[in-house]
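S.K.: Now for the letters of each chain:
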Amino acid sequence: QVLLVQSGTEVKKPGASVKVSCKTSGYTFEGYFIHWVRQTPAQGLEWMGWINPNSGATNYPQTFQGRVTLTRDTSINTAYMELRSLSYDDTAVYYCVRDPRAGDYGDYWGQGTLVTVSS
Amino acid sequence: EIVMTQSPGILSVSPGERVTLSCRASESISTNLAWYQQKPGQAPRPLIYGASTRATDIPARFSGSGSGTEFTLTINSLQSEDFAVYYCQHYTNWPPAWTFGQGTKVEI
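Heads up: the protein sequence lines correspond to chains Z and F, in order.
Here the first sequence is numbered in our numbering, starting from 1 and rising by one per residue.
Here the second sequence is numbered in our numbering, starting from 1 and rising by one per residue.
The following block holds chain Z by itself, in its conformation from the complex:
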């Protein structure tokens, strides 16, 4: 079955960076875009961008442009999200999500990774 399994909880200090992994299985990794979404009580669900695992092409919304980098390692079917210059407002649950048709909804979600920014 299709699975997206994310790395565990992170605690970071303001100004630091965090890198979250999303290991996929049960389908052809290169065949489906992966999006990243975060959830906070204040902002709700926020879309952070996507990566095409086949080409490595990425796209980010203006909100996160310059601060987030999405990458992938096709040898281990894993996608990564790195967020830099963390502030308290970046405390959130981060999700990786599969897009079944590149420009569609999210059909499979990772379990989420809690990132807490605290001094």
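These are computed hints drawn from the structure, not numbers from a lab.
A quick note: this is a predicted structure, and the numbers were derived from the prediction, not measured.
Think of the CB as a built atom: it goes at the ideal place given N, C-alpha and C, for glycine as much as any other residue.
Fair warning: there could be bad hints in the mix.
Said to hold, decoys possible - Residues from chain F that face chain Z, not an exhaustive set, calculated with beta carbons under 8 Å: (1) A43; (2) A55; (3) P59; (4) Y87; (5) Y91; (6) T92; (7) W94; (8) P95; (9) F100.
What the hints assert, rightly or not - Straight line, CA to CA, 25 Å or less: simulated SDA-like cross-link-like pairs of lysine to any residue: (10) Z:K12 to F:G41; (11) F:K105 to Z:T91; (12) F:K105 to Z:L114; (13) F:K39 to Z:V93; (14) F:K39 to Z:A42; (15) Z:K23 to F:Q38; (16) F:K39 to Z:D99; (17) F:K105 to Z:A42; (18) F:K39 to Z:S17; (19) Z:K23 to Z:P100; (20) F:K39 to Z:S21; (21) F:K39 to Z:T40; (22) F:K39 to Z:T69; (23) Z:K19 to F:G41; (24) F:K39 to Z:V115; (25) Z:K23 to F:Q42; (26) F:K39 to Z:T91; (27) F:K39 to Z:V5; (28) Z:K23 to F:P40; (29) F:K105 to Z:G44; (30) Z:K12 to F:K105; (31) F:K39 to Z:L114.
To be verified - Examples of chain Z residues lying across from chain F (beta carbon under 8 Å, computed): (32) H35; (33) G44; (34) W50; (35) N59; (36) Y95; (37) D99; (38) A102; (39) G103; (40) D104.
With chain Z held as given, fit chain F onto it using these hints.
M.R.: For chain F alone, kept in the frame of chain Z given last:
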């Protein structure tokens, strides 16, 4: 930027009732709309895509309708496991981009 607005924010209902949730787009989005259900501590679960197509394994009591700017999620005969938060999502075809509504909480 398209803004998705859901109403109401909270809906208090009883099991067995029919529930109607609304989602409005700030401009026309055709039928590029999905609905998700989220329970505490879980990731969102897709219910509907293309405004009216049920996702895999979603019971028939969930239905979606609408196009353009006005969309509705209907849950017939609400079950105990349906108490959750529901989100609508607009998606663009190319380049892909997602925008979520703020959610509607369905509570007992």
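S.K.: Checking against the hints above, which ones are violated?
M.R.: 3, 18, 22 and 30
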